[in-house]
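Residue numbers (my numbering), protein chains in the order written: chain A, 1 to 632; chain B, 1 to 209.
Calculated directly from the structure, the hints in this document are not laboratory data. Fair warning: this is a prediction, and the values are worked out from it, not measured in the lab. All residues carry an ideal CB built from backbone N, CA and C; glycine is no exception. Certain hints may be false.
As the list claims (entries may be wrong) - Derived CB-CB ranges, DEER-like:
#, chain 1, residue 1, chain 2, residue 2, range
1, A, P612, B, L74, 44 to 54 Å
2, B, G58, A, D609, 53 to 63 Å
3, A, S575, B, L74, 57 to 67 Å
4, A, S607, B, Y25, 51 to 61 Å
5, A, D442, B, L74, 49 to 59 Å
6, A, R611, B, E122, 33 to 43 Å
7, A, S607, B, R41, 41 to 51 Å
8, B, D12, A, S487, 45 to 55 Å
9, B, S106, A, S387, 46 to 56 Å
To be verified - Chain A residues, not near chain B, derived (Cβ > 12 Å throughout):
#, residue
10, D77
11, S387
12, L433
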Amino acid sequence: MSWGCRCAAIFPRPVLMTVVLATVWGSFADAADASDTSVPITDRVPRVLILYPYDERIAATTAAGEALRSRLLEATDGKIDLFSEFLDLSRFPEAVHVARMGRYLAEKYAARRPDVIVALGKESANFVTTYRITIAPDAKIVAAGFGNSTAENIDLPDDVIGAFTTFDILKTAELARRLQPNARHLYIIGGSSEFDRGWLTAARADLEEFSKSYETTYLEDLTIGEFIERASHVPSDSIILALTVFKDRAGRNFIPREAIRQIAAAASAPVYGPYQTYIDYGVVGGNTVTFDILGRTVGNLVIDVIAGRPVSDIQAPQTNIVDARQLWRWGLAEGNLPPGTVLMHKERSLWEEHWLAVTVALGVVLMQAGIIAALLLERRRRQDAESRSRLHLLEAVHLNQSATAGALSSSIAHELNQPLSAIRNNAEAASELLRSGNPDLDLIQQILLDIQADDQRAGDIICRMRGLLKKRSEIDWQEFDLNDVTSSAIHIIHGEAERRGITLNTNRPTTELPVRADKVHVQQVVLNLATNAMDAMTDSESARILTFATGLEKEKAELRVADTGNGIPQERLCSIFEPFYTTKQAGTGLGLSIARAIVETYGGTISADNRPEGGAIFRVALPLARREESGR
Amino acid sequence: MKPVVHIVDDDDSYRTATARLLSAYGLKVEAYESGDQFLARLPGCEPGCVLLDLQMPGQSGLQIQRQLCELAPLLPIVFLTGEGDIKSGVDAMKAGAQDFLEKPSSLTVLMETIERALAQYERRHAEHERLQELRTLVGSLSAREAEVFRLIIRGQLNKQIAYALSISERTVKVHRHQVMEKLGARSLAEAVSIAAEIGLDRRRGSAPE
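Taking the hints into account, I'd like the entire structure generated from these sequences.
The structure is reproduced here in structure tokens:
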């Protein structure tokens with residue numbers, strides 16, 4: 001215990017550590033005599049004064065005091081007056097201060113005499129036995145925090161009730177043996193101060209039997225460097241018991257746990273010690289009295305005193321206390337620990353502590369993860385499906401283009417023949433003219449110009465044909481005038497229309513109709529509608545007229561394609577854009593559905609209707625491209 | 001008189017180029033941009049042959065051909081076509097087209113086709129002239145002689161003719177001699193052949209012009 005150590009350091013007299021149970025029983029016997037004068041306090045809230053030997057920063061006394069306070073408050077349900085006084089005797093050990101403190105407290109508590117005074121530590125016990133008469137002559141004194149041999153040394157009056165703490169090195173040794181059943185060597189470390197020597201003497205006696213099973217070495221009369229050096233070279237099957245090192249052979253003073261820390265850090269075998277304060281300083285553990293247990297023990301004692309129950313000296317129960325981190329460091333099995341051992345710093349795994357909550361949480365998390373994964377997968381699949389469907393649309397459009405090109409191929413070939421034939425004949429004519437004696441050079445000049453014009457014409461036709469067959473792996477967005485695309489589509493089909501005896505009519509475009517889409521796709525829509533219309537007029541008896549009209553309609557660019565065929569039967573108007581719907585013998589039923597798919601891809605609409613004067617009319621509306629966008 | 005090649009094609013550049021080519025080879029050429037234009041100017045046309053585009057807006061080549069059969073049966077028609085459209089080709093040949101010319105065609109093929117068509121025109125023209133002469137001869141027969149001629153080519157004997165016309169056999173012989181003399185026929189077979197050529201055969205009267 002920290003303050004046990006410190007008080008020993010401050011008071012140079014050695015404290016003999018007593019171990020044997022018989023002593024405890026003996027103390028109980030003594031206490032029985034001292035307690036027969038207890039009277040219960042009933043008329044008011046009991047007052048308890050706690051005397052701390054040092055200032056409030058000393059963790060050990062404060063921890064024990066806190067445990068005591070909370071035990072008292074808990075047991076009395078808060079109906080208790082608690083006073084604390086910090087005597088500060090380590091910094092002010094002078095007799096003047098002690099006397100002044102005695103006077104001060106006597107005056108301070110004149111009006112409220114405590115019923116019980118708890119003296120923590122030997123110094124407080126000494127103080128209170130001296131000044132009890134002036135501070136609280138009738139109060140019961142409870143002294144705690146030192147061994148009962150110390151109590152004898154300081155001449156504790158018989159009516160002072162003790163809650164003694166005894167540090168038992170044998171129990172610590174037995175703890176070590178349980179943890180290291182295969183150990184063959186035993187080392188005991190002790191310093192060179194009086195206290196240290198006293199401890200060593202006591203340990204020799206206590207461990208006499210125990211040490212017979214080991215090759216035992218007492219490391220004493222060494223400097224701190226030598227301690228460290230020796231400890232770092234012990235065999236690995238060793239048990240090292242650390243008592244206290246207040247002073248080394250060179251006379252250097254230590255707080256024992258600091259010395260032990262240095263030794264334990266270098267040691268090649270586990271180090272054990274009988275103090276709670278050694279925990280955290282590199283020792284595996286030991287048998288000791290914890291602050292908490294001491295506080296509770298004293299608390300119970302005070303409650304008994306207040307209640308007027310007979311009380312006597314008691315031993316604060318000892319416990320084995322072990323640092324789980326050190327067990328791990330030395331590979332010692334937790335299962336070998338004696339029952340009731342307090343395992344410090346054991347990071348109880350989350351699983352051990354909250355397995356149900358963890359399971360549930362894990363389940364929820366897994367489920368969420370599953371759902372998230374499923375959703376992500378779904379999203380991914382949807383994206384894939386969308387891109388696939390777009391790709392399919394592009395494929396379908398391409399097939400549609402090829403089909404259109406195929407259907408128009410003979411009329412396009414015919415159209416191409418005209419300029420080619422003209423070029424040929426012009427060239428033949430020119431060469432014949434040149435062969436004659438007096439060639440007409442002006443005519444030849446004209447012929448060459450005509451050849452150029454025809455060549456241009458043929459090139460244009462091929463260019464349109466290529467556009468018709470152009471394959472897209474993705475949409476080529478561009479802004480263009482719907483009028484231009486319509487007229488280029490008309491160029492493509494005019495040969496076919498001529499072949500079929502169909503007259504083409506177009507309105508003169510009055511205004512520009514900028515739209516944003518893929519030009520080739522929109523052209524394909526026009527071609528599909530035109531092809532559809534021409535097919536519809538195949539069996540028509542009346543004049544075959546195909547009319548194209550473009551214009552602005554409700555803020556949209558609109559194209560109308562009208563024919564003079566037989567029209568669409570009313571019941572089929574709604575299904576005409578469905579895929580594979582066809583009334584033609586050779587039709588695939590895809591032309592109109594592809595036209596709709598294209599138009600809808602670009603945010604437009606397509607509709608079919610019958611004209612009152614006969615024939616069908618198809619309307620395509622595409623959103624206008626915004627001017628400012630085109631400006632960029 | 002030089003025969004003229006009439007080109008009927010809606011495609012300006014082809015029409016012009018072909019006209020230039022044929023002119024360069026010394027042919028007389030007239031060009032028309034549509035069948036209707038050609039038909040309108042037909043009465044004043046010089047004979048020769050026609051290069052007729054099969055596919056034209058307005059009246060198609062085949063429709064024009066039908067009318068030309070009526071209006072100018074002697075004019076050989078060569079169809080111009082951009083593609084081997086078998087059905088229209090068969091129709092055209094059935095309707096009496098002279099030939100087919102695929103666009104584009106080589107100079108040789110073009111010139112040969114045109115020469116063939118012009119030769120054909122010459123033949124048709126000569127034949128037409130000959131028949132015309134024969135018809136004039138037949139027309140020069142007196143009424144009685146014509147009656148006798150009709151019966152002769154039916155293979156009737158003088159006796160039967162005399163009986164049919166209620167005239168003497170001797171008179172029949174005189175008429176018969178006159179007929180053979182006027183037609184320049186040296187035998188009955190020749191006379192029958194002439195009658196067949198002008199389409200008289202078993203019908204009454206002269207063949208229509």
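Quick rundown of the hints versus the structure:
{"no.": "1", "hint": "A:P612 <-> B:L74: 44 to 54 Å", "in the structure": "52 Å, holds"}
{"no.": "2", "hint": "B:G58 <-> A:D609: 53 to 63 Å", "in the structure": "31 Å, violated"}
{"no.": "3", "hint": "A:S575 <-> B:L74: 57 to 67 Å", "in the structure": "59 Å, holds"}
{"no.": "4", "hint": "A:S607 <-> B:Y25: 51 to 61 Å", "in the structure": "59 Å, holds"}
{"no.": "5", "hint": "A:D442 <-> B:L74: 49 to 59 Å", "in the structure": "37 Å, violated"}
{"no.": "6", "hint": "A:R611 <-> B:E122: 33 to 43 Å", "in the structure": "56 Å, violated"}
{"no.": "7", "hint": "A:S607 <-> B:R41: 41 to 51 Å", "in the structure": "49 Å, holds"}
{"no.": "8", "hint": "B:D12 <-> A:S487: 45 to 55 Å", "in the structure": "20 Å, violated"}
{"no.": "9", "hint": "B:S106 <-> A:S387: 46 to 56 Å", "in the structure": "53 Å, holds"}
{"no.": "10", "hint": "D77", "in the structure": "115 Å, holds"}
{"no.": "11", "hint": "S387", "in the structure": "42 Å, holds"}
{"no.": "12", "hint": "L433", "in the structure": "5 Å, violated"}
Hints 2, 5, 6, 8 and 12 from the list above are not met by this structure, while the remaining hints are.
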